[in-house]
Amino acid sequence: MKSVSQVLFPVRVDGAATLSPDEPFSILEHHVRFGIGRIALVGMTLAGAGLVALTAAPEIEGEPKQDFRSLMAERSKTDEERPGPKEFYFTRGVYSSPWRWNSWAIDFPKADRQFMAAVNTLVDINVADHENAIRLDDPDLRRFPFLYILEIEGMLLTQAEVTGLRDYLLAGGFLVVDDFWGEWAYANLEQEMRRVIPEYSIVEIPSNHPIFNTVYRIEEIIQVPAIGRYYGGVTTECYGCDAFTSGIFDDEGRLMVVINGNTDLGDAWEWFERPEYPLQFSSFAVQMGVNFIVYAMSH
Amino acid sequence: MLGSLFEFLFKYRPLIFQQGDFAFRGSSLGYLALVVAAVAAFLTLRTYTKVRGNSQPLDRTILTAIRLGALGVIALCLLRPVLVLSLVVPQENFLGVLIDDSKSMQIADIDDTQRFEFVHSTFADTESEILATLADRFALRFFRFSSGIDRVGEVSELTYEGTRTHLGQALERAHEELSGVPLSGLIVVTDGADNALQGLGEALLPLQASGVPVFPVGLGRERFDRDIQMSRVETPRRVLKGTSLAVELVVTHRGYQGETVSVQVEDEGRIVGTKDVRLPADGQPQTVRIRFTASERGPRLFRFRVSPRQDEMVIQNNVREALIVVEDRREKILYFEGEPRWEVKYMLRAVEDDENLQVVLLQRTAENKFLRRNVDGPDELVGGFPRTRSELYEYRGLVLGSIEAGYFTPDQLRMIADFVNHRGGGLLMLGSHRSFAKGGYVGTPVAEVLPVVLEPVSADSGENFFAEVSVVTSRAGASHASTLIAETEAASVERWRTLPPVTIVNPITEVKPGATTLLRTPEGLIVLAFQRYGAGKSMAFPVQDSWMWQMHADVPVDDMTHETFWRRILRWLIADVPDQVVASVNQDRVDPNELVTVLAEVGDDNYEELNNSAVVAIVTDPSGDLVELPMEWTAERDGEYRTTFTAGEQGFYEVRVEASVGDEFLGEDAVYVQVASSDTEFYDSTMRLPLLTRLAEETGGRLYTPATVNELPDDIQYVGGGVTVIEDRELWDMPVLLLLLVSLVLGEWGYRRFRGLA
Numbered sequence: 001m002k003s004v005s006q007v008l009f010p011v012r013v014d015g016a017a018t019l020s021p022d023e024p025f026s027i028l029e030h031h032v033r034f035g036i037g038r039i040a041l042v043g044m045t046l047a048g049a050g051l052v053a054l055t056a057a058p059e060i061e062g063e064p065k066q067d068f069r070s071l072m073a074e075r076s077k078t079d080e081e082r083p084g085p086k087e088f089y090f091t092r093g094v095y096s097s098p099w100r101w102n103s104w105a106i107d108f109p110k111a112d113r114q115f116m117a118a119v120n121t122l123v124d125i126n127v128a129d130h131e132n133a134i135r136l137d138d139p140d141l142r143r144f145p146f147l148y149i150l151e152i153e154g155m156l157l158t159q160a161e162v163t164g165l166r167d168y169l170l171a172g173g174f175l176v177v178d179d180f181w182g183e184w185a186y187a188n189l190e191q192e193m194r195r196v197i198p199e200y201s202i203v204e205i206p207s208n209h210p211i212f213n214t215v216y217r218i219e220e221i222i223q224v225p226a227i228g229r230y231y232g233g234v235t236t237e238c239y240g241c242d243a244f245t246s247g248i249f250d251d252e253g254r255l256m257v258v259i260n261g262n263t264d265l266g267d268a269w270e271w272f273e274r275p276e277y278p279l280q281f282s283s284f285a286v287q288m289g290v291n292f293i294v295y296a297m298s299h
Numbered sequence: 001m002l003g004s005l006f007e008f009l010f011k012y013r014p015l016i017f018q019q020g021d022f023a024f025r026g027s028s029l030g031y032l033a034l035v036v037a038a039v040a041a042f043l044t045l046r047t048y049t050k051v052r053g054n055s056q057p058l059d060r061t062i063l064t065a066i067r068l069g070a071l072g073v074i075a076l077c078l079l080r081p082v083l084v085l086s087l088v089v090p091q092e093n094f095l096g097v098l099i100d101d102s103k104s105m106q107i108a109d110i111d112d113t114q115r116f117e118f119v120h121s122t123f124a125d126t127e128s129e130i131l132a133t134l135a136d137r138f139a140l141r142f143f144r145f146s147s148g149i150d151r152v153g154e155v156s157e158l159t160y161e162g163t164r165t166h167l168g169q170a171l172e173r174a175h176e177e178l179s180g181v182p183l184s185g186l187i188v189v190t191d192g193a194d195n196a197l198q199g200l201g202e203a204l205l206p207l208q209a210s211g212v213p214v215f216p217v218g219l220g221r222e223r224f225d226r227d228i229q230m231s232r233v234e235t236p237r238r239v240l241k242g243t244s245l246a247v248e249l250v251v252t253h254r255g256y257q258g259e260t261v262s263v264q265v266e267d268e269g270r271i272v273g274t275k276d277v278r279l280p281a282d283g284q285p286q287t288v289r290i291r292f293t294a295s296e297r298g299p300r301l302f303r304f305r306v307s308p309r310q311d312e313m314v315i316q317n318n319v320r321e322a323l324i325v326v327e328d329r330r331e332k333i334l335y336f337e338g339e340p341r342w343e344v345k346y347m348l349r350a351v352e353d354d355e356n357l358q359v360v361l362l363q364r365t366a367e368n369k370f371l372r373r374n375v376d377g378p379d380e381l382v383g384g385f386p387r388t389r390s391e392l393y394e395y396r397g398l399v400l401g402s403i404e405a406g407y408f409t410p411d412q413l414r415m416i417a418d419f420v421n422h423r424g425g426g427l428l429m430l431g432s433h434r435s436f437a438k439g440g441y442v443g444t445p446v447a448e449v450l451p452v453v454l455e456p457v458s459a460d461s462g463e464n465f466f467a468e469v470s471v472v473t474s475r476a477g478a479s480h481a482s483t484l485i486a487e488t489e490a491a492s493v494e495r496w497r498t499l500p501p502v503t504i505v506n507p508i509t510e511v512k513p514g515a516t517t518l519l520r521t522p523e524g525l526i527v528l529a530f531q532r533y534g535a536g537k538s539m540a541f542p543v544q545d546s547w548m549w550q551m552h553a554d555v556p557v558d559d560m561t562h563e564t565f566w567r568r569i570l571r572w573l574i575a576d577v578p579d580q581v582v583a584s585v586n587q588d589r590v591d592p593n594e595l596v597t598v599l600a601e602v603g604d605d606n607y608e609e610l611n612n613s614a615v616v617a618i619v620t621d622p623s624g625d626l627v628e629l630p631m632e633w634t635a636e637r638d639g640e641y642r643t644t645f646t647a648g649e650q651g652f653y654e655v656r657v658e659a660s661v662g663d664e665f666l667g668e669d670a671v672y673v674q675v676a677s678s679d680t681e682f683y684d685s686t687m688r689l690p691l692l693t694r695l696a697e698e699t700g701g702r703l704y705t706p707a708t709v710n711e712l713p714d715d716i717q718y719v720g721g722g723v724t725v726i727e728d729r730e731l732w733d734m735p736v737l738l739l740l741l742v743s744l745v746l747g748e749w750g751y752r753r754f755r756g757l758a
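Which chain is which? The protein sequence lines are E and Z, in order. With my numbering, the residue at position 102 of the first sequence is 102, and numbering never jumps. With my numbering, the residue at position 550 of the second sequence is 550, and numbering never jumps.
The shape of chain Z in the complex, shown without the other chains (with noise of 0.2 Å):
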């Protein structure tokens, strides 16, 4: 409307004035005009001065001015003021089409209708007047576009099943297939919703730089009415068979705001977790922490789904998947206890039937007595506590039990700090006699690396210190992994408020900065606490006789909560403690014939990354077969090795990394990544303005939708590059000059008779 309005007042639409430079183009007779108009004005002003009648100084200062304007109006027009443009010449300038080939295309949000019907009825439809005109003045060139981007002679070739929109790539692509030819711009049919990890930012530089102007055609709605999305789900990569995981999970939504949805987790079909959300204000995301157990060993393909509802937009993006590594495999925990206690029988008991747990028990029973459990042959830890880094290093866990500083050499003291700085290893401290500082932990290597603030104790603070306690949750524990000890978060906070009392002799009520408090007593004493340090973790756990939560009279005989408590925090403890070699992909989850990238990471037994290790890929495909795949050093960072492969068969590949130094075997790892038409397209799919308003504005192109696309063929005359011709616009007969001039005169004769000058 505003446009119509500004087109019949200015002759023009805005663009051409945007586009145009302004110039006049008097004749000497024009100029000659201009002088007697110059004069006429004159004489108005002097007539206007001299003589009074019965008029007022600023009844004289009005008309004055509305003569003189009406002067200037017509002296304007004598000027014959022109817009110069640059317009391209017809046929000789080439046209770049991309269109979209994404299955986000397919999505039903333009009147019930899919965007690509768009694409056909305007560019592949014989009839459409946009296509025509367009042909009629450029070579248009199509290319179709999704992760990557090909030429097409016809757009109903396309199938829009593409699973990526790479949209920097595929103008860069397009600029660089035509830079050989004028090129007046690029026309960009697309929702904009680009899924590339690299930003748009680099691949518009080239069409700066030569002035391509990009014209994207945005297809969708900004916002869908009504639509539910899981929106992000985090998983850890791998885990132990067993393991109880408490997955976080986004979902967002429009139009579905205090109804409740079903979210669910299935391994591989059978579900096996599942949560009712209420969900919160349109676009507002909902987080929901879910728990389910990994039973199954391998690498298993969980689903997180939301139950769609019949009137949705969009159903597909209602699903995330994510591979996690299901090892099926039993991790070493070295328990060091410095005296016979009640906390040793029953935490051993406790994992007991854990089949992926090892605690392997050092417990000295008198001075320079020891005893074993546990341990893998009868040379393990026969000389006590270990020596030396790789004898300790074996473990992925080590606990302190009540075992003071003081045992240790200075250069042990160190290593435990190493186990968790370096070697990437869990460590747990528990309360007693003779650890924290009442062991003399305060000054020690070990103090550094917990997460509890250990003050010197004295006969006044702490030496006596004795507490039976009660102990509650953290903000942060109510939904840890580790302190979960019933089904759902509100059974895990009431359970742990009704367990019996424990006891403390150990009072820390101080985390260091970036530590996290998990459970602690209502009068402030830390009872559970972790951080992480370097590249492993550590923990603190100053009770001294959590066996209560087994043996008191108040626990059932059968309550189970002792046990998973303990199987809990150890699991934890060691999760994500890195192995000697630790193998990675850059996705695990790719398209068919998308390049994969692998990554290891290698040490010697002391963790020291090494460079000069030969390290091989054995991949395995879907199908079976073997490809072994040299790893070279990439120079980027120490003890790091990378190669690549494509990916071209559906299903799991399994990448197993293996890496030794001369003859000595320095170990393996597997990672797996599934090959699989994703539906990445599905999600955040609501055409993306801001992204596609940018692409216009920095290459100097402008930005269209359906309603205003068959502006496009015009704007494209004035906008675009290549070949061009110079061309003036008339602007003396715009009718708003005309207006002017009249409403000047009409004006002043009105003033007049209103003031009764006439």
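If we strip away everything but chain E, and leave its shape as in the complex, we get (with noise of 0.2 Å):
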């Protein structure tokens, strides 16, 4: 595996053999266990990358860009080594939520940006480099399989959005929740999903799932706070409450939805190039990233 400590920092990973030929989706090589050893190098690369990131990226955008055939043609022009349109472009929803407005753009475009470049650098995908945020209720929405939405305890969405995610997840999208903390905003989930896929429910993902172990061994879920939330001394923003990671399954028990709750991980893409923001929580959190999209699209 091409990782990010052996491409930006080339110090041997302490302990990384730890092949298990009695799982059926183990990993053939290394997994990076989750310690505090390793905490500290992990870290390291993902500031590197996100280093990288920030100096190659353009200026951010106030707008997101919504035309699939314009998208695709720029983002052509830039890629010198594929023609064509990326493999894999990491996805914001862009849903309606009156009562706050551009909640779905908390942390965008920086955290699309550089987790996109430690995806990069640390699996073998054709991924592209920038931003892609689109409407639910956009026809193109399905042309991108992964969705990323957050901050969704004031999301409302409409029928036309209810319409295009519905779709959207029964043709075979996949849905990533993320930073929202609390009863009120986890009853606002529901409720929206409700609306959405009635005929399913959230349920609990159990910890031998491969979402947990697809490249990454997840062994815990820790709850990562927001960077403002920890200079203040404390991970959490509802006070007591644990993160969690509990789905949507559909009829074939496939995960169609993952939600990330009471836990911000889209801070830490955002935010783990700060050297002062814990490594243990950017690399968690990027560890959870890369699972999700492997697993998007594999399983």
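Hints listed in this document are in silico derivations from the structure and should not be mistaken for laboratory results. Some clues are possibly wrong.
Said to hold, decoys possible - Output of the computed footprint for chain E on chain Z, the stretches with three or more beta carbons under 8 Å from beta carbons of chain E:
{"#": "1", "segment": "346 to 353"}
{"#": "2", "segment": "361 to 367"}
Unchecked claim - Capping the alpha-carbon separation at 20 Å, the derived lysine to aspartate or glutamate pairs in DMTMM-like fashion look like this:
{"#": "3", "chain 1": "E", "residue 1": "K86", "chain 2": "Z", "residue 2": "E404"}
{"#": "4", "chain 1": "E", "residue 1": "K86", "chain 2": "Z", "residue 2": "E391"}
{"#": "5", "chain 1": "Z", "residue 1": "K332", "chain 2": "Z", "residue 2": "E266"}
The structure displayed is predicted, hence computed values, not measured ones. Cβ coordinates follow ideal geometry from the N, Cα and C atoms, glycine included.
Bring the two chains, given one by one in their own frames, into a single complex with the hints.
Okay, here's the thing in structure tokens:
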């Protein structure tokens, strides 16, 4: 595996060989286990990747690209290795939130770009290094089978968005929900998802589910704080609540929605280049994100 | 009419002249008369030369010729010409009468009476003049024949229930049986609807050598007025459960041009497919492709039927049966993908519900890092892509995604080619930046196997190629099993035309000779092509995002086109892929008590043929009783073993073949044989005049029909072999000679009158 630590920081990862032949979904070479000794190294890696991303990234644009063809044409021009569209676009869902203006755009686009820079280095995916936001009622939504939304406590979908997201999920799209805190936000998510796919419920994802070891082995769900909160000395925004990862499975038992509650993976992606941001959080967030992507693309 | 006129003029029938030798039997008085005639001729010539009168030279020439002609006729008669004939001696010779006892003799096409009724009236009726004459002259020996031949005392013993007609074999056996007696010939009463696998040639050699003529009596019509026949059905012998089959049928007919008939497929009585067919011109075969799904496991008897018409002459030939073994097992396909791609996700989802396909995924997620899915156990593919043939050959199909040739060792590339060529597996390469020419496959063994021509890429030619394309079917793709994505061919073609565009980065425009293009773009890019290579087959699908057929906004959420396409293509890819042990039978449908030959091909885990393995065939009859038969190496082909058994009971026989070497079990395979009375006789059951003519001509006999059969007893006297006697037949008193003489005399008189020379 072309890991960040090997590319940017050629330092040996202690005890990395953890081949587990009795796992049907095991990874053949190295699992980077989550531990104190390695956090620093992975963190340094991510910080390096972040710097690379920031250096390379163009100016942040205020409005998301929503026209697929112009987006593709623009991307094609910048890619000298592979003509045509990229295989993977980190796509952010633009949803209606009348009580909280533009909540879909939290951490946008820096988190998206930094995270893609890390993904581009860690796994062999032909990723677009640009942000890609698209409305849930846009017909082109289904061209991007990976969708990320966050801060959904104010989300109130229009009927067109409900239909768009429903078709997206039933056709085979994969949704990651992130960065919401507390029971009220969860209740809002649950209510909106009931509008979208009422026949399915949100359930806990078992710890042995393949999504936790598709690339990296995740042994514990930790709470990732927003950077501002962490400066205040806490990881939570809902006082006493624990981070959780739940999901929605379809009739075939396939995971179509992953919900990261009481945690903020996006903030970790956005700020992992900051030396003061704890590496254990950014490492965890990137590993989870990589697992989500590879899982979505192979399951 | 002509025959009667000939006989009136020449005194005898043409056959007598054909058989006899011409000779003169003149006496000394006759020769003296001949001298007188010669003198008369000389005088005539001299007189006409000297005496001029008022005649012209032309008149004298004509009159001389007429006079000489008349003298010539008289001279011929004085020489007493005869035909020397060899006649069989009455009651000293035997005559074999072979009567067709097969089902086709039940067909009522002779003035609405059944063919066998002629047999009864001619050869069984004691009042039959023909039979009486024959019996007077010959010692008759009757035989009945169909798939075998038996002596019968009386023709009334025949049942006309034989399920096959083996004409050559019948002649051979009858000749053998009568070889110790003087044999004048063999009469064969049949429609000639021979359906033996071997031709007549060898059977005729002994008859020709011993001079035994054959006298076929052809029954039935050469052409039916009104009939529809299911002429041919081609089905695979075994398929996976749930496979959608596109089976080709050939329907022929006479008398129903332009009418529409319904063709149906029944799976053990349940209609599983139907199609309306408009019939073409008389005698022109109509090919029909009909689709149905093999949904029930086990040996299944499928019936393909054309709805019969009320006025059809033969309705038994409207249906054909085919035995298809529907296997309910999971077939393993290895999908090796070089990077995370959406194509992986959606292809696996498409076939996820297919219980008979197990797509094992080996996906490189980063350098030397792999993800496995759908493996059978922790050890499967634990070392990455297979490094030995035996490991790779466990799969029946191999899909190469975005994986560059440089990933493989030279031996692995050769191994992939051998997987197709030698093991008989199916290979599919998908489009991507790391496949085909872009993936560095040009000049590799894998490129040899692929059905498309790979050109080296450069910056100018294809390196930066990218195209968004729509897909259309080729002529072959419109009806091919792997590309039928809708209920009917027309709907399938239309669906392909309306599917959302996909993208291609591999500019491939040419297929290899012998390869078939199934899908292409309007601009000429190849989208899907296949070829058979060695024992297996390969496919090229240079599209990199077929998942758009699932995820594009224009595709309804519940649309199953993408799923159907991948299921079809993967099932077709692994159809007919052999195992280490492959059993087969010479016929999967036999008549009761017919001999069945079982063959087995045995190989080791590298599919190298083995001649030293222990192979047994376990035969289970319809009652459930088992018989274990050892199979011997045939010594004709490496790895081929054979045994035979007689299937006596009606129903399905299961033949399970097991092979092992020492303690190592190599594998097993099962085939099925249906034992049932067949209706083969009703197909192509018109009288085969060419075959019967050949039979007569090559043996020196004559062909008869019910209209001419009354000549048979007399003809055999002259044509037949056995104990014979030489006889002369006088020719001087043929009416034609008298008529000629009178004509010449009257002609001379008339000419003189006409010219004023009298």
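Subject >> Numbered hints the structure breaks, given as an ascending list >> reply: Hint check: 4 and 5 fail, others pass.
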